[in-house]
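A.B. asks: Given next are the chains, with one letter for each unit.
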Amino acid sequence: MDTVISVASLLCLLLGSFLCLSGGVGILRFPDFYTRMHAVGVTDTLASAMILMGLMLQGAEANVVIKLIIILLMTLFINPTASYALAKAAMYSGLKPLLNMQKSKRG
Amino acid sequence: MLIAASVAILIVMGMAIIRAVVGPTLYDRILAVNMFGTKTVLLIALLGFVMGRPEFLDIAIVYALINFISVIAVLHFSDSIYFKHDTQDKKTVKKEE
Numbered sequence: 016m017d018t019v020i021s022v023a024s025l026l027c028l029l030l031g032s033f034l035c036l037s038g039g040v041g042i043l044r045f046p047d048f049y050t051r052m053h054a055v056g057v058t059d060t061l062a063s064a065m066i067l068m069g070l071m072l073q074g075a076e077a078n079v080v081i082k083l084i085i086i087l088l089m090t091l092f093i094n095p096t097a098s099y100a101l102a103k104a105a106m107y108s109g110l111k112p113l114l115n116m117q118k119s120k121r122g
Numbered sequence: 011m012l013i014a015a016s017v018a019i020l021i022v023m024g025m026a027i028i029r030a031v032v033g034p035t036l037y038d039r040i041l042a043v044n045m046f047g048t049k050t051v052l053l054i055a056l057l058g059f060v061m062g063r064p065e066f067l068d069i070a071i072v073y074a075l076i077n078f079i080s081v082i083a084v085l086h087f088s089d090s091i092y093f094k095h096d097t098q099d100k101k102t103v104k105k106e107e
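Residue numbers (this note's numbering), protein chains in the order written: chain A, 16 to 122; chain B, 11 to 107.
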């Protein structure tokens, strides 16, 4: 049973690290603000959930697991709210999305 | 494995700093700072497990709340009229002219 739990924790941590790295590559290489926000917003929630679940499987005491669940819930509530507020502020301030990729040479 | 995940998160934090320095618009910088804060929460939780001191999770909870408050505060401030002309890309400004 211990090996099953440790292997599951390892898989969760690996997947979370991979998603974190893909989000980092996305924030560097995407051409537009809104696409960058997509990369960050999509990977942040799932990567955080995966890493925190991997830690939860390793936590020995109920105290630790409850704190990790609190962090996970706050991440899942806070990140979409911040993304929404950021997109709304950018849209209201007149930042236009990049619509035609062929006209722009950036990318 | 915990140390490998910590190193991956540190690399991602470096990428976020690069985007925050390079970023053409104000909102790119805010986005990068938000991502940096989220990754900091994860890093604190992981380091607590690496060092064998799970009390670090309290600090992670507080850091998540501070990160959210700071992002929302900066966004409210950026609604004021002093930011209106600084937020746009130089390209879009030229197109509108």
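Don't read these hints as lab results, they were simulated from the structure.
Be aware that a few hints might be false.
Stated by the list, open to error - So the derived list for chain B, only partly shown, Cβ under 7 angstroms to chain A, looks like this:
hint: 1; residue: M11
hint: 2; residue: A18
hint: 3; residue: L41
hint: 4; residue: V43
hint: 5; residue: S88
Quick caveat: nothing in here was measured; it's all calculated off a predicted structure.
Glycine included, each C-beta is placed from N, C-alpha and C at the ideal position.
A.B. asks: Decide, hint by hint, whether the structure agrees.
C.D. replies: Now for the hints, and whether the structure bears them out:
Residue-level restraint check for B:M11 holds (minimum Cβ-Cβ distance to chain A is 5 angstroms; threshold 7 angstroms). The closest approach between the C-beta of B:A18 and any C-beta of chain A is roughly 4 angstroms, which is under the 7 angstroms cut-off, so the hint is satisfied. Interface restraint check for B:L41: the shortest CB-CB distance to chain A comes to about 6 angstroms, inside 7 angstroms, so the restraint holds. Because the beta carbon of B:V43 sits about 10 angstroms from the nearest beta carbon in chain A, more than 7 angstroms, this interface hint is broken.
The criterion of a C-beta within 7 angstroms of any C-beta in chain A is met by B:S88, whose closest approach is roughly 6 angstroms, and the hint holds.
Checked against the numbered hints given earlier, this structure breaks only hint 4.
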